[in-house]
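Protein chains in written order, with UniProt numbering: chain V, 1 to 351; chain Y, 1 to 204.
It is worth saying that the hints were derived from the structure and are not from the lab.
Note that the structure is a prediction, hence the values are computed from the model and not measured.
The reader is advised that the hints may include incorrect statements.
The list that follows gives simulated cross-link-like pairs (lysine to aspartate or glutamate, EDC-like), each with its CA atoms no further than 16 Å apart [said to hold, decoys possible]:
#1 23/V / 38/Y
#2 113/V / 124/V
#3 23/V / 29/Y
#4 326/V / 29/Y
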Amino acid sequence: MTDEIQLFRDARPEAAPYDPFSKARARARLLTEDAPAPRRRFRWVFATSIATAGALVGGLFFLNTTEPTGTGPETLTSSLQPMSAADYLEKAARIVEQRPETRPQPHQWLYEKKYLKDSDGHMDQFHETWKRMDGQQASSQQDRDGKPIIDGPYLGRNERTPLQKYDHLRTLSTDPDKLFVRTYKKVDKLYAERRAAAERLTDPVYKEMELSELTEDGRHQKAFHVIAELFEGVLTPPRLHAAAFRAIAKVPGVQVLPGNTDLLGRPVMTIARVNEYGSRYEYLVDPLTYASRGVGSVVVRDDVGPRYGGASRGEDGKITPIPAAKKTIGQSFYEIRERAGIVDEVGRVPR
Amino acid sequence: MTVPPALASQEEDEASSRDATLIAESLADPERFALVFDRHADAIHRYVSRRLGPDLADDVVSDTFLTAFRKRATYDLSHQDARPWLYGIASRLIRANRRAETRRNRLLARSPVSETESFDDRSAARVTSAQLKPRLAKVLTTLSAADRDLLLLVAWADLTYEECATALGMPIGTVRSKLHRVRAKIRRAFGGVDPTGTSEKGTP
Chain V
1 MTDEIQLFRD ARPEAAPYDP FSKARARARL LTEDAPAPRR RFRWVFATSI ATAGALVGGL
61 FFLNTTEPTG TGPETLTSSL QPMSAADYLE KAARIVEQRP ETRPQPHQWL YEKKYLKDSD
121 GHMDQFHETW KRMDGQQASS QQDRDGKPII DGPYLGRNER TPLQKYDHLR TLSTDPDKLF
181 VRTYKKVDKL YAERRAAAER LTDPVYKEME LSELTEDGRH QKAFHVIAEL FEGVLTPPRL
241 HAAAFRAIAK VPGVQVLPGN TDLLGRPVMT IARVNEYGSR YEYLVDPLTY ASRGVGSVVV
301 RDDVGPRYGG ASRGEDGKIT PIPAAKKTIG QSFYEIRERA GIVDEVGRVP R
Chain Y
1 MTVPPALASQ EEDEASSRDA TLIAESLADP ERFALVFDRH ADAIHRYVSR RLGPDLADDV
61 VSDTFLTAFR KRATYDLSHQ DARPWLYGIA SRLIRANRRA ETRRNRLLAR SPVSETESFD
121 DRSAARVTSA QLKPRLAKVL TTLSAADRDL LLLVAWADLT YEECATALGM PIGTVRSKLH
181 RVRAKIRRAF GGVDPTGTSE KGTP
């Protein structure tokens, strides 16, 4: 008879290709430890230092600076005039929510041209994609004549199409208080699961390492990303966009840096939060329309508390934790959205 | 024996690019670990994507390599190939998403069998497997997480028994006996008959 295992081997499901953005981010995340944000969902960012958290928790700052985003720590130290980020985001929310809502059509295409760059020189490239809203076709390459090469269905079985994602976002509450509470509920549930898993570890060193990552600052950082992901991208209904701006303003430590420029030299407003390891995570938006202009992270402090970077096993089998490698100030990874929008045909770009 | 310079340099290149070497070097120079990522990320992604679907796969693969990176100092450098270690980490992270995996398998189990498969284009075995896909997906939902990990590391990640032992941290004898039991479970799930229909009895 056919071997039972061979049967499973022959029947293995199709594997979706590795999305180049996600792959680039996963790689960059290694090189900057916790740098890039995820494609679809927030990555866990764990933290240890209570000292830095103390400086951030409860503080909302409006940082008035003209330093380019991602160029280094100066963005936090030069000509700062603390103002209320909540007030600024409220103003932005009032503008955003006035925008008429237009549900994209299934035959339309989601266009994005992104610029990926890290400070270490591993990544420096543009990437252009068209994805049909119904998930049936996509294109990320062009032939010799510059015509897009169209691929077939590009989604996995359980993956939402862009249109389904949009419709899902429309079901979310547009009450900022509810959004905020729901976000923290979700974060706390994940934290509880993570803590329970850490408690089950038998090795005391690994257990300590895992538990030390579950800090209050990490909890707020997670909430920051969960909310920011709602307006990161093209497909955010206006009322949800406004609610997300209002809700994120309530997260302790959130900053707004209004006078930055992105890596393409365009003015951007940056909604950011520095985690307790000294990495500032940034969500860039257009300062006039508040549409997403990309995401990034940059190391802004190198004087934060120690963090575990792993553990070494001695000849006697004893496991000893080792500190994480020191990050360099200015080390960064950015994914800038040069242009994005909904178009009627593949190959077209939005105005 | 004198080794010709060209060969010597080739061997040097191979040695320097072995996973264990890269991991050892990455302790002093963390960026060397990126080469381990470049080498294995696609394969690990394919495996995780098959088990959890593409949406979760991106996160799990990223977490797999970050976990590996953080624990690289404990890597057993006698293992030149890091695949079993990476698959082991991925397996543990997949378990953390077992609900999603179960949902995916239930969904696959409900999928209608394609009737457009051409017998001319594929071998008989593959056609049989294609027809069995939903049933196999259903069988996966009945296996324990440990059994599922082992079965799929062999079937979908193409690991050897020895590599599975390394990945899952168990003796190779346990791998063999567990797989024997998994085979029996599969046959029982098919009512004690050969699921391929090529023999009437399910005994190996």
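Here is what the structure says about each hint:
{"no.": "1", "hint": "23/V / 38/Y", "result": "holds, 9 Å"}
{"no.": "2", "hint": "113/V / 124/V", "result": "holds, 13 Å"}
{"no.": "3", "hint": "23/V / 29/Y", "result": "violated, 21 Å"}
{"no.": "4", "hint": "326/V / 29/Y", "result": "holds, 12 Å"}
The structure fails hint 3 only (numbered hints given earlier).
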